[in-house]
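Chains as they are written, first to last, in our numbering: chain A, 1 to 203; chain B, 1 to 203.
Accuracy of the hints is not assured; some may be wrong.
Remember, identical chains collapse to one label, so a pair may be satisfied in a single copy or spanning two.
Here are the simulated BS3-like cross-link-like pairs (lysine-lysine), alpha carbons at most 30 Å apart as the crow flies [unchecked claim]: (1) K107 - K82; (2) K22 - K201; (3) K132 - K41; (4) K22 - K41; (5) K132 - K82; (6) K201 - K82.
In case anyone wonders, no lab produced these hints; they're calculated from the structure.
A quick note: this is a predicted structure, and the numbers were derived from the prediction, not measured.
Number of protein chains: 2
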Amino acid sequence: MESTDNLNSTRDIDNLIELMAKLPGLGPRSARRAVLHLIRKRALLLTPLADVMQVVAETARECLNCGNVGTLEICDICASDKRANGELCVVEDVADLWAMERSGVFKGRYHVLGGTLSALDSIGPQELRIPKLIERVADEDITEVILALNVTIDGQTTSHYIADQLGGRVRLTTLAQGVPVGGELDYLDDGTISAALNARKDI
Amino acid sequence: MESTDNLNSTRDIDNLIELMAKLPGLGPRSARRAVLHLIRKRALLLTPLADVMQVVAETARECLNCGNVGTLEICDICASDKRANGELCVVEDVADLWAMERSGVFKGRYHVLGGTLSALDSIGPQELRIPKLIERVADEDITEVILALNVTIDGQTTSHYIADQLGGRVRLTTLAQGVPVGGELDYLDDGTISAALNARKDI
């Protein structure tokens, strides 16, 4: 944007484009398109977006208990007695919690770790919410911990570490591995196919 | 987001995700990722973005002369005497104007049509800024009109219409067609190759 940077009158617009380009999934070109779209749809999109961003910037916070993102000190899920069924689902981050909630199947509570253990990035248990997890298992009436971490090396390492820490105190489970619903064998990796084969069921 | 919609405390965040998902290039999933990223980088990204959006929502406007987007009644390019070299570059929309400016080669002024003629969408000359273009060619000291519309059916139809309207009054040119810089023949469409061949030059 060298040439338009010289023009003082477009500084705010250039600034907006630059900030939008920092969002995941948007680059400079799509940020420019998005900003022109916003300006064209000012009343319908730009003004409401600016307003709600202002509100979220002031009110968004992490739940002190589980790490979910919301606007309350203790999120609705942790506050709801209906969710206290003794099941605690451990996820890597808030996006995973939201994905579980969208499926609508899980009726217990969550615990967001905020990442995975990683020796390379020097992320140890203290950098994650693992001490809080152990505290919750001791304090709350937890009967089962479901480790729903991603099936990656770091995710599985973290699962093993947590299992070690909690071993014997509570029932530990993980999500089943297998063929995704709607998945075609031809497009699946070998690891998934062998996991699905090993866990095959009678029909 | 059915299940989280029930939770009043996340209404603003859900609302933000919904609005972000309306941006071109973002869907529901990438909007969720973007919002979580924004909340994580609140001081660095979310607050500045909300502020500058507010400012742009209040100040952004179209230049009355050329249709460029900025914050002034007459944009810097139209206001600058240095750009009054008699050349007027006609483009479809503001993104095209910005792309021309980034190349830094064109030293004249612009005219943004705001689209192309389209019988299907019933967009005629009056829906575009074509009357204003004819007015500018008569009033300003224009010696050459460069038709830099996209090389699509609608773009070319619009070029022909404008050429008809302005015929004889001013020199009319279009951008050269040919092989893009860095382009590989193998990946080019037949139309581009034949255009480049027909316009071949001695070396």
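To see whether the hints hold, each was checked on the structure:
For the homomeric pair K107 and K82, the shortest alpha-carbon distance inside one copy (8 Å) is at most 30 Å, but the shortest distance between copies (68 Å) is not. Taking CA atoms no more than 30 Å apart as the test, K22 paired with K201 passes in neither setting, with 46 Å inside one copy and 43 Å between copies. Proximity of K132 to K41 under the C-alpha cut-off of 30 Å is restricted to the inter-copy arrangement: shortest distance 23 Å between copies versus 45 Å within a copy. For the homomeric pair K22 and K41, the shortest alpha-carbon distances inside one copy (21 Å) and between copies (11 Å) are both at most 30 Å.
In this assembly of identical chains, the alpha carbons of K132 and K82 lie at most 30 Å apart only when taken from the same copy (22 Å versus 65 Å across copies). Neither within a single protomer nor between protomers do K201 and K82 lie at most 30 Å apart by alpha-carbon distance, with minima of 33 Å and 77 Å respectively.
Of the hints listed earlier, those the structure fails to meet are numbers 2, 6, in rising order.
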